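Number of protein chains: 4
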Amino acid sequence: MMKTMNWGIVGGGEGSQIGFAHRAGSALDRKFKFAAGALDVDPARGREFAISLGVDRARAYGDWWEMLQGERSRDDRVELVTVATPNVTHFEISKAFLENGFHVLCEKPMTMTVEEARELVAVAKRANRVCGVNYGYSGYPLVRQMKAMVADGVLGKIRVVVAEFAGGFMADAADADNPRVRWRFDPKQAGVSAVSVDCGIHAMHMACFVTGQKVTKVSSDFAHGITSRELEDDSSTAFRMDGGAIGRLWASGLAIGRTHGLTLQVFGEVGGLSWKQEQPNQLLYTPLNEPTRIIERGSAGLSPASLRAGHVTVGHAEGMVEAFANIYRDLGDVIEAAKVGAQPNPLALDYPTAEDGLHSIELIHAMARSAKNGSQWTDLI
Amino acid sequence: MMKTMNWGIVGGGEGSQIGFAHRAGSALDRKFKFAAGALDVDPARGREFAISLGVDRARAYGDWWEMLQGERSRDDRVELVTVATPNVTHFEISKAFLENGFHVLCEKPMTMTVEEARELVAVAKRANRVCGVNYGYSGYPLVRQMKAMVADGVLGKIRVVVAEFAGGFMADAADADNPRVRWRFDPKQAGVSAVSVDCGIHAMHMACFVTGQKVTKVSSDFAHGITSRELEDDSSTAFRMDGGAIGRLWASGLAIGRTHGLTLQVFGEVGGLSWKQEQPNQLLYTPLNEPTRIIERGSAGLSPASLRAGHVTVGHAEGMVEAFANIYRDLGDVIEAAKVGAQPNPLALDYPTAEDGLHSIELIHAMARSAKNGSQWTDLI
Amino acid sequence: MMKTMNWGIVGGGEGSQIGFAHRAGSALDRKFKFAAGALDVDPARGREFAISLGVDRARAYGDWWEMLQGERSRDDRVELVTVATPNVTHFEISKAFLENGFHVLCEKPMTMTVEEARELVAVAKRANRVCGVNYGYSGYPLVRQMKAMVADGVLGKIRVVVAEFAGGFMADAADADNPRVRWRFDPKQAGVSAVSVDCGIHAMHMACFVTGQKVTKVSSDFAHGITSRELEDDSSTAFRMDGGAIGRLWASGLAIGRTHGLTLQVFGEVGGLSWKQEQPNQLLYTPLNEPTRIIERGSAGLSPASLRAGHVTVGHAEGMVEAFANIYRDLGDVIEAAKVGAQPNPLALDYPTAEDGLHSIELIHAMARSAKNGSQWTDLI
Amino acid sequence: MMKTMNWGIVGGGEGSQIGFAHRAGSALDRKFKFAAGALDVDPARGREFAISLGVDRARAYGDWWEMLQGERSRDDRVELVTVATPNVTHFEISKAFLENGFHVLCEKPMTMTVEEARELVAVAKRANRVCGVNYGYSGYPLVRQMKAMVADGVLGKIRVVVAEFAGGFMADAADADNPRVRWRFDPKQAGVSAVSVDCGIHAMHMACFVTGQKVTKVSSDFAHGITSRELEDDSSTAFRMDGGAIGRLWASGLAIGRTHGLTLQVFGEVGGLSWKQEQPNQLLYTPLNEPTRIIERGSAGLSPASLRAGHVTVGHAEGMVEAFANIYRDLGDVIEAAKVGAQPNPLALDYPTAEDGLHSIELIHAMARSAKNGSQWTDLI
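Listed in order, the protein sequences are those of chains A, B, C and D. Each residue of the first sequence is one higher than the last, beginning at 333 in my numbering. Each residue of the second sequence is one higher than the last, beginning at 333 in my numbering. Each residue of the third sequence is one higher than the last, beginning at 333 in my numbering. Each residue of the fourth sequence is one higher than the last, beginning at 333 in my numbering.
If you're looking for bench data, these hints aren't it; they were derived computationally from the structure. Computed from a predicted model, the values in this text were never measured in an experiment. Positions of the beta carbon are idealized from the N, C-alpha and C atoms, including for glycine. Hints may be right or wrong, so weigh each one.
[As the list claims (entries may be wrong)] Okay, derived cross-link-like pairs now, DSSO-like style, lysine-lysine, Cα gap no bigger than 30 Å in a straight line: (1) D:Lys608 / C:Lys365; (2) A:Lys704 / D:Lys549; (3) D:Lys489 / A:Lys704; (4) D:Lys520 / D:Lys489.
[To be verified] Restraint ranges, calculated between C-beta atoms of paired labels, are given here: (5) C:Glu447 / D:Ala670: 54 to 60 Å; (6) D:Gly386 / C:Glu447: 39 to 45 Å; (7) C:Glu424 / D:Ala670: 45 to 51 Å; (8) D:Gly386 / C:Pro636: 24 to 30 Å; (9) C:Ala454 / A:Val646: 52 to 58 Å; (10) D:Pro418 / C:Gly673: 40 to 46 Å; (11) B:Asp574 / C:Pro375: 53 to 59 Å; (12) D:Pro375 / C:Ala454: 50 to 56 Å.
Just chain A, with the same shape it has in the complex (with noise of 0.2 Å):
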């Protein structure tokens, strides 16, 4: 029988949406109890937040320094702390935790730097702690569908994958100045890129995930429709992978229309396949010279990668609460492994990783670069 792990969680305040779903995510297999956190910058708000969601007032922190002095010295200390601060802080908190023995789940982007992001694939391997990114859509069970197809060898050799997220949640010129909007575009804040890193990169993530295969080269364009923003709102990126698949990327903030707009195809030798991330739970699937299918998830034949991702039967919907959950499930199967020196079961082995984080560090630094240099080929490393 499973016992339940002590969880906590830096950020994620009152009013955070991610918060939730990291919250909601974390509980709903039981895997986890939510033990300690430091919710907001705001440590007196921080802690009454916490305490109204149940965790004990000496464990509702006011900052993460406190949590991690307080936590690391409890024999029933958190297991794993979740990091879902502002991307600047995220390289230093997800640290500090690995540093000090808890297994770590960050928010992306992982960091902010390549550099940073080499540290922390090294920290933790040499804290021997878990280290995992939240890329939450690979935790849809027909994304994990596709990623077994492929591996299976159902589409054949890859020929071509075609990532999305774009959407009409930067489109208003109204709302540019809004704090909540313009970080997002302000180069201290966010980095060298805006729409790219914020929505492409999960993306991005998506099309390595299901492929199994790195990016090696870009060509990209960054450009901006609102023209006051020093950062890019709409990007589009042709791409190469070690697998030798080609790729195409269209990342925007621009798209009014698309609530959301992450979408994935990937077309191979002898099939193809489509998802869009507002249809969760069904995946087109087309052989080669014949119709397509409506993959529905939870449906009988599916892999059982897809299966064990799933909690309510077919014809049921299931959303983003239970995407993450599925991240989180992972991470409890190889942590309580871990524990016991035992393998994990593999299927849980395809929770998003820091060498994951690192590569997309790596690719929206390319993708920067390429975009500065005329659209050049650049490559990763």
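We have chain A; now place chains B, C and D onto it with these hints.
Just chains B, C and D now, with coordinates in the frame of chain A:
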């Protein structure tokens, strides 16, 4: 600040999908803590499963009677009990818990007979306890949006409502003798109806919920696609409602290709609505002589009832767990208010009540009578 | 090599959509040349319009009687006459042309009464002339694909057929007195039914066409959403077919948001089909326990009947004109074969016949009787 | 009253889909009569086919030169000649007919080189004849609706346009040596590009047509999924337009599961549009911060340009034939007006011109140059 209440469940054992949905739904908004349960007809298996889910050994009961005895004497007794047992036992168990001062959420159908249903309504009233019936689809945010739009007169007077719950889940003749399927067609276990009470009743609750009207009379056709069955696997019903709406219902287990198949269409004098459970995060709304609008769950401008029912931001998917969670949140709000003698949030009154459960039972019996009498129009009461 | 035949039309004057569709459909495959017409109740207007369309002045007639006289004596007389006049005149005009040796394609409904319909069938037989009825939707390639799949046993024995023709075209109360709408609800012009005969009859023909079965009995509900109307604007019908199929029909003019609303779903023992007129180039096919297939018009592996009915390559859209053209091509093939005493291409026999027209009239009258008698089950004959 | 003009075609022989579409499209609105043709590279086969289609024996020509000689001396000579021959012959044939006073509709690509394209524009001007290029998709009513909405400022300034023409039509490696496929990848027959000039060029014309802008510079990636090919079967292009729009194009023949795959998305400051050729009768329009509207072809309130382009009433499907017909109607109107020295209906000026054809050729050559130069940004001129 909200205080978590203790919650228990009868039924919903290992492998039961509805059990997971209740546990997950009750927990999502942290209103309820899973504190007690009698989860299985096999006492040992039920206890073991409850303990594995984190229930204290002392409150992992062997059967509902034991649970009732164990809980009613505790200071920290469960306040809400969910009854998710076989249909023929709903009445007895719900009645017993209500009479002992517990609030109850009963799975549908609430009872087997109209008399039982009336008695349960009376019992709940006498006991001054909440008795909800789990028409879980009414928890979907966009179903509540439909109800709000109708109530606000956006469609004008409702002319026609078309409800369907038709899928292929009973279509496999090779599977017809599987006990999981067969009991639904055995009058001793299923009563007067199979697919109509199993599925149609959900669609009809939704028709009533959204229009705010009750059914007054029906003309039903119960038919058999798999002729060995004693009860219907496909039915259609014409009906009239007390607010003047014309109604059409189609319920079927034979509709291969419709995975789940619950849909609702509502047409008023100046607008129409269409919603499908399989894509629950979109609602089609058409004003007279104007283009159809695709309303996204969580988008700006939706009704307070709909926005209150949302959990993640627009563009992200929600599903069955979140819908169940909304029923539990309603019940939590209503119970809390009752405890302090306050009026609950009016939006919390959207949960399906024992009166709704009674109406469903009256309806299903009228449908069965009409079907037996050559589809003759039959009054509900 | 095919020789073009002369063709004429009665009705379908300027501004008439059906007139355009007949002219375009008859011309598309170059089987027929538009050679004569009596296009309008206003003789001058009709002549002028015919001439403007390239008809010789001598054959631009003032009314159908004049056309009959003018054409029957010509060597190059029209071989096929389309009757697209108000419903109450269909019988008289079709009968006259048939008796004078013309082949006829009559718009639906073929006649107002069952007696007339029977007589017309007899007249055509005596005259040894083709009499088709324009259930034009049966010309869509994927409707023919459905028929072929059912005939080939792909679905197994048909259990349930669900036909709908429900749109918002009669929903605007402000438009209810518009003569274009009003006549449909006037028993003197429309007969026993409004939306059922206007729309439902198309859906029912399609149900019969695709299943190869005829309706034996019905239980109908005729209802009024706009209460000032004398005839129904919303109806539902349960029915049984002579091959054992269970049927459900919904016809409505009140369904705001459904632009056109003709759909057909067919469910057999081992498969299901679903088609919507508004997306006529895709057909959903689901084998039992397998994913749904999206069958594209014109794709490899479709039935000969379906491929024969296609005009452009897969991926390009076809529509109403091509569907009508297929009816005309069938009629052309059958008439040609008859002229030389040969057997026509068996695939050409898919066109809707006078017998089909008769069945529709029997059906609509049985529906009207059932509706009057409290939805009592009513035999067709 | 409109007088029918004589029309002829070079190419489009038996079995050619484009031939049927031109014959059907030119005939649909009765503006043109099919009077002459040189339909096949095999003179006898071409004559025979023309005669079988009703062309007079004397005007069923063996080749285009014979047709030019035969027609130019006739009083009733064809006024418009469609050139639907292999790409490498477009220039010579179109030039010859224009110089002899015929109006021409040339299939795309108009020429193989920029120089030829410029010359053809000059030739048409000198000859004072209409030279259209068959970007047939621009004939779809809802494509014209998009153009009208952009021109009317409904979307505000256009920020981003995303054009795709990506399907699985070149994906079958087993079919790669089929001559029907292979010539497209042979530089001698196809020129500098395969899928980009075959498909992408359509999408790019549509991007220009709808936005009213021209492309100024491109960064292209030409790639090979089937590596034996000399020319690209998958390409992506970032571009900029003279009105400030940012552009993205994806063209592919490898996209298994996308049957046809032509789509256009346009995003402005205050609205977005999305259209897919496979569902051409619906257009998605989203005003900023409002729900998406589904605009139906033919519905009330559409632009005059869109309504003029419709043939059947709302809810009925139109397709490729009707789209081609709209190009022919435009040409007919323009030629008629020219003949009498009048201004044509301004709405008729929507047809794609030789200048558009030239722009396409400049574009495709710039794309090919950019692709050769490591995706370097390349000016069109």
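So, going through the hints one by one against the coordinates:
no.: 1; hint: D:Lys608 / C:Lys365; result: violated, 35 Å
no.: 2; hint: A:Lys704 / D:Lys549; result: holds, 16 Å
no.: 3; hint: D:Lys489 / A:Lys704; result: holds, 25 Å
no.: 4; hint: D:Lys520 / D:Lys489; result: violated, 42 Å
no.: 5; hint: C:Glu447 / D:Ala670: 54 to 60 Å; result: holds, 59 Å
no.: 6; hint: D:Gly386 / C:Glu447: 39 to 45 Å; result: holds, 43 Å
no.: 7; hint: C:Glu424 / D:Ala670: 45 to 51 Å; result: holds, 48 Å
no.: 8; hint: D:Gly386 / C:Pro636: 24 to 30 Å; result: holds, 26 Å
no.: 9; hint: C:Ala454 / A:Val646: 52 to 58 Å; result: holds, 54 Å
no.: 10; hint: D:Pro418 / C:Gly673: 40 to 46 Å; result: holds, 44 Å
no.: 11; hint: B:Asp574 / C:Pro375: 53 to 59 Å; result: holds, 55 Å
no.: 12; hint: D:Pro375 / C:Ala454: 50 to 56 Å; result: holds, 53 Å
Hints 1 and 4 from the earlier list are contradicted by this structure; the remaining hints agree with it.
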